[in-house]
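K.L.:
From the two separate chains plus the hints, produce the assembled complex.
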Amino acid sequence: MKKILPALGLWFLTCTAAYADKPLPADLPEWLALGHYQKKWFGYKGTIGSDNFYLSPKGKTNPTKELEATIALFQSDDTEKQCLFPARYMFLKKHGLVSAPFPSCAEFEQFREDLRPAGMTLLFTDAYMNNSSSLFGHTLLRVDTARKGTQLLAHGINYGAWTQGYENSFLYAVYGLAGFYPGGYTVKPYYDVINTYNNIENRDIWEYNLDLTPEELDLFVAHIWEVGQTTTPYYFFTQNCSYMLMELFDAVRPELKLAADFEGQTIPLDTIKAVNAREGLVKSVNYRPSRQRKIRHRIKQMNERQYDAFLDAVTLDLTGAQNLPEAEKADVLETAYQYVQYQYVAGDLALKDYRQKSFQLLKARNQAAAGQTFDELKEGQNPVSSHDSMMASFGIGVRNGDFFEQLSFRPAYHQVTDRGYGFLLGAEINFLDVSFRHYDKHDKYVLDKLNILQLSSFSPIDAVFQAASYRIGLDVSRQVNPKSEDEGYVLNGNVGGGGTFALNDHLWFYGLSSAEAAYGGFLPNNQWLGAGLAAGAIVSFAKTALQVEVKKVFATDKIGSTLKWNLRADYYLSRNRALEAVVAYTQNYGKNQTEALLRLKQYF
Amino acid sequence: MNKTLVASLMLGAAVMVSAPAYAIDSTGCGLGSMAWRGQSGILPQVAAVTTNGTFGTQTFGITFGTSGCDPNGRVTGGTQKMVLAFLENNLEQFAMDAAAGQGETLTTLAGIMDMDEKTVAEKTYQNFAVLFPNENVDAVDVTLKFYQIMKA
Numbered sequence: 001m002k003k004i005l006p007a008l009g010l011w012f013l014t015c016t017a018a019y020a021d022k023p024l025p026a027d028l029p030e031w032l033a034l035g036h037y038q039k040k041w042f043g044y045k046g047t048i049g050s051d052n053f054y055l056s057p058k059g060k061t062n063p064t065k066e067l068e069a070t071i072a073l074f075q076s077d078d079t080e081k082q083c084l085f086p087a088r089y090m091f092l093k094k095h096g097l098v099s100a101p102f103p104s105c106a107e108f109e110q111f112r113e114d115l116r117p118a119g120m121t122l123l124f125t126d127a128y129m130n131n132s133s134s135l136f137g138h139t140l141l142r143v144d145t146a147r148k149g150t151q152l153l154a155h156g157i158n159y160g161a162w163t164q165g166y167e168n169s170f171l172y173a174v175y176g177l178a179g180f181y182p183g184g185y186t187v188k189p190y191y192d193v194i195n196t197y198n199n200i201e202n203r204d205i206w207e208y209n210l211d212l213t214p215e216e217l218d219l220f221v222a223h224i225w226e227v228g229q230t231t232t233p234y235y236f237f238t239q240n241c242s243y244m245l246m247e248l249f250d251a252v253r254p255e256l257k258l259a260a261d262f263e264g265q266t267i268p269l270d271t272i273k274a275v276n277a278r279e280g281l282v283k284s285v286n287y288r289p290s291r292q293r294k295i296r297h298r299i300k301q302m303n304e305r306q307y308d309a310f311l312d313a314v315t316l317d318l319t320g321a322q323n324l325p326e327a328e329k330a331d332v333l334e335t336a337y338q339y340v341q342y343q344y345v346a347g348d349l350a351l352k353d354y355r356q357k358s359f360q361l362l363k364a365r366n367q368a369a370a371g372q373t374f375d376e377l378k379e380g381q382n383p384v385s386s387h388d389s390m391m392a393s394f395g396i397g398v399r400n401g402d403f404f405e406q407l408s409f410r411p412a413y414h415q416v417t418d419r420g421y422g423f424l425l426g427a428e429i430n431f432l433d434v435s436f437r438h439y440d441k442h443d444k445y446v447l448d449k450l451n452i453l454q455l456s457s458f459s460p461i462d463a464v465f466q467a468a469s470y471r472i473g474l475d476v477s478r479q480v481n482p483k484s485e486d487e488g489y490v491l492n493g494n495v496g497g498g499g500t501f502a503l504n505d506h507l508w509f510y511g512l513s514s515a516e517a518a519y520g521g522f523l524p525n526n527q528w529l530g531a532g533l534a535a536g537a538i539v540s541f542a543k544t545a546l547q548v549e550v551k552k553v554f555a556t557d558k559i560g561s562t563l564k565w566n567l568r569a570d571y572y573l574s575r576n577r578a579l580e581a582v583v584a585y586t587q588n589y590g591k592n593q594t595e596a597l598l599r600l601k602q603y604f
Numbered sequence: 001m002n003k004t005l006v007a008s009l010m011l012g013a014a015v016m017v018s019a020p021a022y023a024i025d026s027t028g029c030g031l032g033s034m035a036w037r038g039q040s041g042i043l044p045q046v047a048a049v050t051t052n053g054t055f056g057t058q059t060f061g062i063t064f065g066t067s068g069c070d071p072n073g074r075v076t077g078g079t080q081k082m083v084l085a086f087l088e089n090n091l092e093q094f095a096m097d098a099a100a101g102q103g104e105t106l107t108t109l110a111g112i113m114d115m116d117e118k119t120v121a122e123k124t125y126q127n128f129a130v131l132f133p134n135e136n137v138d139a140v141d142v143t144l145k146f147y148q149i150m151k152a
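Protein chains in written order, with the working numbering: chain A, 1 to 604; chain B, 1 to 152.
Not one of these hints is a red herring.
Going by beta-carbon spacing under 10 Å, a handful of chain B positions derived as facing chain A:
id: 1; residue: A99
id: 2; residue: G101
id: 3; residue: T108
id: 4; residue: M113
id: 5; residue: D114
id: 6; residue: E122
id: 7; residue: F128
Here are the simulated lysine to aspartate or glutamate pairs, DMTMM-like style, with alpha carbons at most 20 Å apart:
id: 8; chain 1: A; residue 1: K352; chain 2: B; residue 2: D138
id: 9; chain 1: A; residue 1: K283; chain 2: A; residue 2: E379
id: 10; chain 1: A; residue 1: K444; chain 2: A; residue 2: E487
id: 11; chain 1: A; residue 1: K148; chain 2: B; residue 2: D116
id: 12; chain 1: A; residue 1: K483; chain 2: A; residue 2: D557
id: 13; chain 1: A; residue 1: K273; chain 2: A; residue 2: E255
id: 14; chain 1: A; residue 1: K352; chain 2: B; residue 2: E135
id: 15; chain 1: A; residue 1: K148; chain 2: B; residue 2: E104
id: 16; chain 1: A; residue 1: K363; chain 2: B; residue 2: E122
id: 17; chain 1: A; residue 1: K444; chain 2: A; residue 2: D402
id: 18; chain 1: A; residue 1: K257; chain 2: A; residue 2: D27
id: 19; chain 1: A; residue 1: K148; chain 2: B; residue 2: E117
id: 20; chain 1: A; residue 1: K378; chain 2: B; residue 2: E104
id: 21; chain 1: A; residue 1: K283; chain 2: A; residue 2: E215
id: 22; chain 1: A; residue 1: K449; chain 2: A; residue 2: D402
id: 23; chain 1: A; residue 1: K94; chain 2: A; residue 2: E30
id: 24; chain 1: A; residue 1: K45; chain 2: A; residue 2: D261
id: 25; chain 1: A; residue 1: K558; chain 2: A; residue 2: E485
id: 26; chain 1: A; residue 1: K352; chain 2: A; residue 2: D312
id: 27; chain 1: A; residue 1: K352; chain 2: B; residue 2: D141
id: 28; chain 1: A; residue 1: K363; chain 2: B; residue 2: E135
id: 29; chain 1: A; residue 1: K148; chain 2: B; residue 2: D114
id: 30; chain 1: A; residue 1: K363; chain 2: B; residue 2: D138
id: 31; chain 1: A; residue 1: K294; chain 2: B; residue 2: E104
id: 32; chain 1: A; residue 1: K148; chain 2: A; residue 2: E113
id: 33; chain 1: A; residue 1: K39; chain 2: A; residue 2: E255
id: 34; chain 1: A; residue 1: K273; chain 2: A; residue 2: D211
id: 35; chain 1: A; residue 1: K363; chain 2: B; residue 2: D141
Pairwise CB distance ranges, derived in the manner of DEER restraints:
id: 36; chain 1: B; residue 1: E117; chain 2: A; residue 2: T61; range: 50 to 58 Å
id: 37; chain 1: A; residue 1: F509; chain 2: B; residue 2: M115; range: 47 to 55 Å
id: 38; chain 1: B; residue 1: A152; chain 2: A; residue 2: P254; range: 50 to 58 Å
id: 39; chain 1: A; residue 1: T238; chain 2: B; residue 2: T79; range: 39 to 47 Å
id: 40; chain 1: B; residue 1: K151; chain 2: A; residue 2: F180; range: 51 to 59 Å
Hints in this document: simulated from the structure, not taken from any laboratory.
For glycine and all other residues, C-beta sits at the position ideal for the given N, C-alpha and C.
If we strip away everything but chain B, and leave its shape as in the complex, we get (with noise of 0.2 Å):
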């Protein structure tokens, strides 16, 4: 073998490993709850349950990205719009706390809504089976139920 091959072959390999990057990542919001996004992605969810208002403009510009689901990156809107943007990004843990009664996620969605927690925990842990009726439930749907099972 070519020997310089052999000795840049060795100091490219470890410069590929020695840089720490930090690099931005790109794998975009909630990944942990991709697996119970709907099939036709966020905005047009979004559009289809959002009564108060639209997105709001990049104010920020393409230096300041996103999470990839609201396009500000922030917690923003009403409440409706809060609740689904918190349930789809955290869909999973929510699942959890559900069928559990207890959790941060369920703290977070009494103070979106300015409820007791306590009422919302037990509201969602007798409601898990209306809430979550099949393994194939997304967010729009989540969200849409537990409106309907806090406003009862």
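The following block holds chain A by itself, in its conformation from the complex (with noise of 0.2 Å):
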């Protein structure tokens, strides 16, 4: 987004400086992204919320104000408020503003120690389509270890929303959107981050390491240190997780200018792209896939006997197992062994049973020779490849003989036929799409559809894995009334769930079944309810995807009763462009009503 009257807000600055003692370089970019400061109409205002922050009762606005308090905290010999403040300090003693050395502060110094910080991570955590929270996949930092071991020993750092007490209330995301929770840092071991989104949640994490000098990987720490003391008012959809981060990456870097890219929405997936394009900022990229993947990719590897042994396995019927060549049983068992862990946390299983199959699996293991053959899944489609998250879009199309134009955009996310390269496959999430349509013949133009909200989860169903499939929608639409042949919009509601088979990598069936609600003056009586049945398929390639689908809808309205066939197809131009077709027939009240259109899709 663009600053506007920039160079009011610059006059200002300017203003307020001359009138200071002496000339401090609070205009400095590196001051300003330390104090988390952003250029608004007339001058600055600070991001952090809590009052401890800013230090000068004018601080938060006047950056000024708050070197000068600042300068003056450090001639004072509050050492206890000192301790809060180490990144300060260092920018203090860069520019020769500070004399004193920085007092000793335990605490601070035992998070150092605890810490033993030789590098940084940013970690990307893909989409959790079980958790409406997660929907759009989090992003966290990692201050790397220098401890001997492994990474596994290193800290996540995470800021998120205190939402405790509110997850259940029918006012949790207004709240949310609205800025009600406090927003706060939050500080665990790798492993825990590993366990909760790898093993617990079944998500992958991309871990993007940092390149940075020694000089700002210690603001960095001090940075974090002084903004976890802090709490900030979460907004969902801006001031977020991956938000907040961008803010740290500038005050530890002011020319990467990252949170001026995120004054609108910001979507985690488009942060890990930002700071992705920064040149010299990534200096290299690695893996870590969910459980899930980590199975799956394993049964791939089996052979048939294998695979069998391994379904007696998990059911504690080792037979199987035992009776594979010597080579072939370690596999088997630390693949059953892993799926019962699974099995675990989806709450399939008793703990029970679960320690009683945990136990005799790895015994069995144990038996078997040391060492595996199955080879570990390593390399996966980076979501910074991916499409990017905005939309816009025009088209041709034909509806019943009469020709028409279309407009669209949507600011969020992707759907089942977009190029699905680093998305999860099978889920799809379309928010506030819009169309605008000018018919040709009457030469009108009017507002075709607001896609409010679409959600969908496509999870194939196996001997191994068994999610259930989903899809919520909601939208405005124009709709024709077959009988009157009149116009209007109509609010319609649908929740629907069901299964997923499929056949290989790139063939999906589906069927949901469904309950349906339209709301709208233009209809006969004013609403209907309805249920839905629908069957469709997905086909995904490299180039080209393609959904077909037919459903059924019983309503209490002759108008709600349809049968809609539905056909889109797009083949992707490049990462970013799309041509799309889409056939549309539905059936109402004994009338047919076509519909064709194909579009250019841009995203951006």
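P.N.:
Spelled out as structure tokens, the structure:
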């Protein structure tokens, strides 16, 4: 988003600085970023919410006053308070604004001693379709450790909302949109982060190792300590987990100007892309697949007798596994053990059975030879190379012989026929997708559809994994009454559940049953309720995808009782450009409506 | 049905599912290891075996939360305390690595104990039945036996 009146803001600052006794570098990008100041129409506003962060009573809006107060703090003997601002001290020292040494701060030193920082890594965990708060993925930081061993002993730094006690509230989301929850930082060992995301929620973790100088790393850790004590109102779409991390990056390297990219919505994936796009910031990438993905990868490597033995082993019938050739045993038993862990976390196993199975499987595993022959999953589709979050399209079409042009815009995020690279397969989030049309015959401009929200999760069921599929939708659509041939707006809602079956990686079939409701003054009786049955197929390849679906709705009103055929096919011209054809056929009141659309989609 | 009710229910449902909250999880530490955790909770157990010092004070206050295991949510303390905290939270992965004689948890433990990785791997593999004699072990038992085995 472009800044309005930047010149005026600058004038304001120069003006303020001129009244100070001594010219201070308060307008230095370094200071502004350390204080989390964002430029507004008239001057600055600090992002951090809690009172203890800005030292001057006017510090939240006046960087100069805040700098003066900070200098005064380090001239005072309030060492307890000085210990809360090690990064600010580093700034003062660098600019010759402080002569006293930094005090001895036992707690901060213990923090550094525990973390033993060796580097920084930005973490991205992919979408979690079972929790509304994690649909868009999540980002957090890892302070890499210099401890001997592995990065399991590093620490994750997470910014999140304190929603305890409100999770089941009807207003849970409304509160979140309105900034009702305080946002704060937590620190936990990286093995806990892995357990939470990889093993409990079955989400992939992407690790982007940052290329920082030793001075930048010191400043980063010191600044984490500073903000670690603060809280800030948490806004789900804007000042969220990912946004705050952008401000942290800026504090360490102000020329990155990452926060400025996210003055509107902040989607976690977009922040990962922005960080990767800044030259010289990311030096390497590492992938940690979810437990579920690891198990799938192992199963794929099994031969037939191994697979049969595996299915028996998870029910504790180990005869098949014991009869395998020696070299084939270990992989089967280890996979069975991992699967039992998966089942327990999924709530499919009682504790007693889980313990018994785990123990028996590992005992058998230990009796087989050490080592493994299966290779572990190391490569994934880096989300950085996925299509961008926003999409606009222009298309031409025809509805019952009436030609039209259509313009659409979707601020977020992904539908099942969009290029799937880097996205969770079968997951769909369409948010505020709006389409306008011009019909040629009557030279009429109309809002065709506002798709407020559509969420789908198609998750294949097989002998090993059984997750339900679901779809939820809410939209305002312009509809034709086939009987009167009138047109008007209807609010449609539906919630459905069912199952998906994958024939292979490229061809999936699904079935959903749903509850449907519609409301609008245009409808003959203002509203209707209904039940729907849908069956469809999804075909996906690297360059193209297709979805075809037939849906029958039985409704309390004839206008709601429909039979619909839908076909949508996309061909990807590049990462961010696609051609799409849509054909829809609707039967209602015994009459047919056919519609076809061809559009060019651009993601940005 | 009241039409305002239908409309508001639908809107409400949509808002409910559309909010990216990234809520701070309250799952606590090592849920993945809950199954083999002792019944008495971690604090008494740690007190029972930790010989070198007590827990640190809660430096970050309420806003800087913890994993639920260590009050600071940090890897801290001396070797024995770290081994216990690590096993407490990674027992399931450790059990598999021990049974197989290789894996990330063994590399990590070798690092904590400042031992040769290969030695740790071989000893745990050979002594799996000692570490996990039955299905009702808990992290404290495993830690104590792990120490005995490593010292042997």
